[in-house]
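Peer 1: Chain order of the listed sequences is A and B. Just so it is clear: in the first sequence, position 130 is 130 by full-length UniProt numbering, and no numbers are missing. Just so it is clear: in the second sequence, position 359 is 359 by full-length UniProt numbering, and no numbers are missing.
Just so you know, these hints were derived from the structure itself, not from any lab. One should not assume that every hint holds.
Pairs count within a copy or across copies, as identical chains cannot be separated in the list.
What the hints assert, rightly or not - Below 16 Å or equal to it, Euclidean Cα-Cα: the simulated EDC-like pairs (lysine to aspartate or glutamate) are:
| hint | residue 1 | residue 2 |
| --- | --- | --- |
| 1 | K303 | E274 |
| 2 | K303 | E246 |
| 3 | K422 | D444 |
The residues making up each chain are set out below.
2 protein chains.
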Amino acid sequence: MRVKKSVLIVLLMTALILGGGISFAVTEWLFVDESQLETTGITEEQYTDMLNELSESVQLPKVVQAFNQIQSNYLNDVTDEQLIEGAISGMLNSLGDPYSEYLNVETMKSFNEQIEASFEGIGAEVSMVNGVVTIVSPLKDSPAEKAGLRPNDQVITIEGESTEGLDLLEAVTRIRGEKGSEVVIEVKRANSEELIPFTIIRDKIPLETVYRDLIEKDDQSLGYIEITNFSENTANRFLEELSALEAEGIDGLIIDVRGNPGGLLEVVQEMLREFIPSDRPYMQWEDGNGEKERFFSNLDEEKPYPLTVLIDEGSASASEILAISLKEAVGANVVGQTSFGKGTVQTTVPMGDGSSIKLTVMNWLSAEGTSIHEVGVEPTIDVKQPDYYYSSPIVLEDTLRPDTVSNQVRFMQVMLEGLGYKLDRNDGYFSEETAKALQAFQADEELTGTGELDQQTADLIQTRIIERIRSGQDDRQKERAIESIIK
Amino acid sequence: MRVKKSVLIVLLMTALILGGGISFAVTEWLFVDESQLETTGITEEQYTDMLNELSESVQLPKVVQAFNQIQSNYLNDVTDEQLIEGAISGMLNSLGDPYSEYLNVETMKSFNEQIEASFEGIGAEVSMVNGVVTIVSPLKDSPAEKAGLRPNDQVITIEGESTEGLDLLEAVTRIRGEKGSEVVIEVKRANSEELIPFTIIRDKIPLETVYRDLIEKDDQSLGYIEITNFSENTANRFLEELSALEAEGIDGLIIDVRGNPGGLLEVVQEMLREFIPSDRPYMQWEDGNGEKERFFSNLDEEKPYPLTVLIDEGSASASEILAISLKEAVGANVVGQTSFGKGTVQTTVPMGDGSSIKLTVMNWLSAEGTSIHEVGVEPTIDVKQPDYYYSSPIVLEDTLRPDTVSNQVRFMQVMLEGLGYKLDRNDGYFSEETAKALQAFQADEELTGTGELDQQTADLIQTRIIERIRSGQDDRQKERAIESIIK
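Using the sequences plus the hints, can you model the full thing?
Peer 2: Below is the structure:
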């Protein structure tokens, strides 16, 4: 009898720098195919025994000696836990692999939330509007919706404490909490003088990772599916939305994984098996000895319609597997910018006390067997977004005036150009022409036309830019993806 | 019978950022007063036994488990040593103290070289002149001098290999080596067509840390002593030079510790005992429980002449003890900029295999008992150097032209101002006025007057700036230090 065992395999990406100075850190993870551990043919008990045996045989006297020295002689107090976590993190750091890391009990919690694409809270999208924490919309069937919260409700207190002075993240952190626990918030609603109190019982809130659209153009219908993360339920949701689109009849499909940091390996594999026939591998992987394994589907035929995958600098890991394998195995177009370049697979090893270590165990390879690690997937059609997509936010200490030089002026220039104002330069020199464009913006927005960059003007420029990005009207990459199918 | 034991105590400063974007990392260290371990009253054997006992009693099963997991499952090969060093470094990192760190066998070697203010090599100061490694001067009595190397000799080969393409550090690294070993270099000398070969036996080369000068002004004589590091022999050398100055008769003394990163605690203590009488503490320290100890000299009287200490942002640790204690205990003036701010004392603990851990064990306090940690010593007379002292080097990718904006233009502007050229701005905007100043510089240096910033012009601007700094003609801090005594 073969013992089946699920092993959690993770793909992880850290500290990604985008153009324009925006940086962010994300985590991602993959389940491995269940067939994986079957091939080793050992039981879970045998595995545990082996581990214990190994633990007893190895001694780390030098580490123990250093541990004791620090505990006895260091100037300040230090806990054993702190040193032990430090030692484990230090061993993982010594590998020089940013994807191998220690996850303590708290980070494991958010790690699991990301894997499950869920969190514990009240289920309302909130935003900062004119300095006030405001409900954008309660999620469907969420505690927030059931309690009666409505769009545009202003959150004035949380647990009796004013939200004044909190930033959005601080407010969200206070609203969130364990499933089953209660939170009291008071909101101000238009047409109501008094604050309205709500007592809401927090629950587990699922996050959507798959969004579908049908694009009609030149008498053709294009399916469009955006995937924000490869989480536990993502493959099911993807196949659901794909079926719905196919039922309507589509002449092509665009899969958008821009900004998608990756996720569970099993999930992207399940998706690839829907597109790549059994006569060729849909992906491969390689262990530390260079031994390769090729993965095949049971699929008979390719889809009858052309495929395009949208990627950018923020597409990593599972997103990259999807893009390069569809490109190599079924000739999909890949539109956008060269992707992040993470070609390794991690597993999480529980340490028995709620913490885990995440460890790189495999290289994944494309359908044809190449690694994109630290290289990225090159698009077949290279398209950048307009410059303002990559601009950093404007951070002002003082009002900025003509004939000065600064990066903040540069960001403003790029954004004003994005909003359609004419400038002679965008290198950070605050020229006459720049002042005129700024005055024109101020006039259009009914602000005092100073031609100087003050906080109010900067905030409004950024609000307009965010609106413009959200409207999608300048999404050149998506336009080219549509053109790649409708010729 | 009391057993005497020397314990190596170190003050360490890492990653110091100066104004103008210049950053550097230095190490420093201190011996503690020998009286320190006597108070514990235990023998070295007892100490070792205690350590061993402790080692046996503590287990780190979670660390061992992580160690085994990494060794069995990590994608790439990894040595036990690497993981053990990683674990120790990780424990020290977890303290959040930049001065506690692991020193492996190699870093211990350069650490000891710094403590001893010596290195193993041939003893020649070298510089890069027109892209060629060139002997500036052989040190007195060094192997380089004995072998016959002379100033301006161009080093063409080292061990038969051309120096072309090497940077200065690479060349120096190849010339250096263990005491007793041989190195063959070939040099080109003016008035000689052929290369001249030299076979030089490397030796231990002591580094000078103390420099003396006698400044005559307004019929007064001022002693001036510069200290570059508090190394093993520094206190002796300092007292030697001080005696020589006092023998000539001085009306005041300037001690210059600008850019001095610190060193051995015992060394600065020995120096303080020469100036601060026995009726007041010359410094204090404090352990983790807040227990303080005050240190006293046997000195009867203060010096009959006034003292001034020169400090800057690069003066740290032992330099700061010297400055603040002379200020508080004998009313010395402190001239310059607020110092780095390192108020802790480290010890190195040998791990038995040539490596050590460096651990923060004490806070040192000023004569009056205040800590300057993360604050620095404030000067009594605040003086900045001219802006060009703090400028970053110009790094060009392309020739820079008028009506552009960049940091490189800013650095150039600051340097041209320093050289006496008139500009309308130094904010990085390449104005007409900037171009004119650049043309004037090019004319003065007999370069083509393009008014553009090319590599040749940039190199020459920097050469002139370095010459100007070395000449000391704009050393405002030193001028004010002299004025602080001669009123």
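Peer 1: Run every hint past the structure and note whether it holds.
Peer 2: Going down the list of hints, with the structure as the test:
Proximity of K303 to E274 under the C-alpha cut-off of 16 Å is restricted to the intra-copy arrangement: shortest distance 9 Å within a copy versus 89 Å between copies. Taking the closest pair of Cα atoms, K303 and E246 come within 16 Å of each other only inside a single copy of the chain (10 Å); across copies the shortest separation is 95 Å, beyond that limit. Taking the shortest Cα distances, K422 and D444 sit within 16 Å of each other inside one copy (14 Å), while across copies they are farther apart (42 Å).
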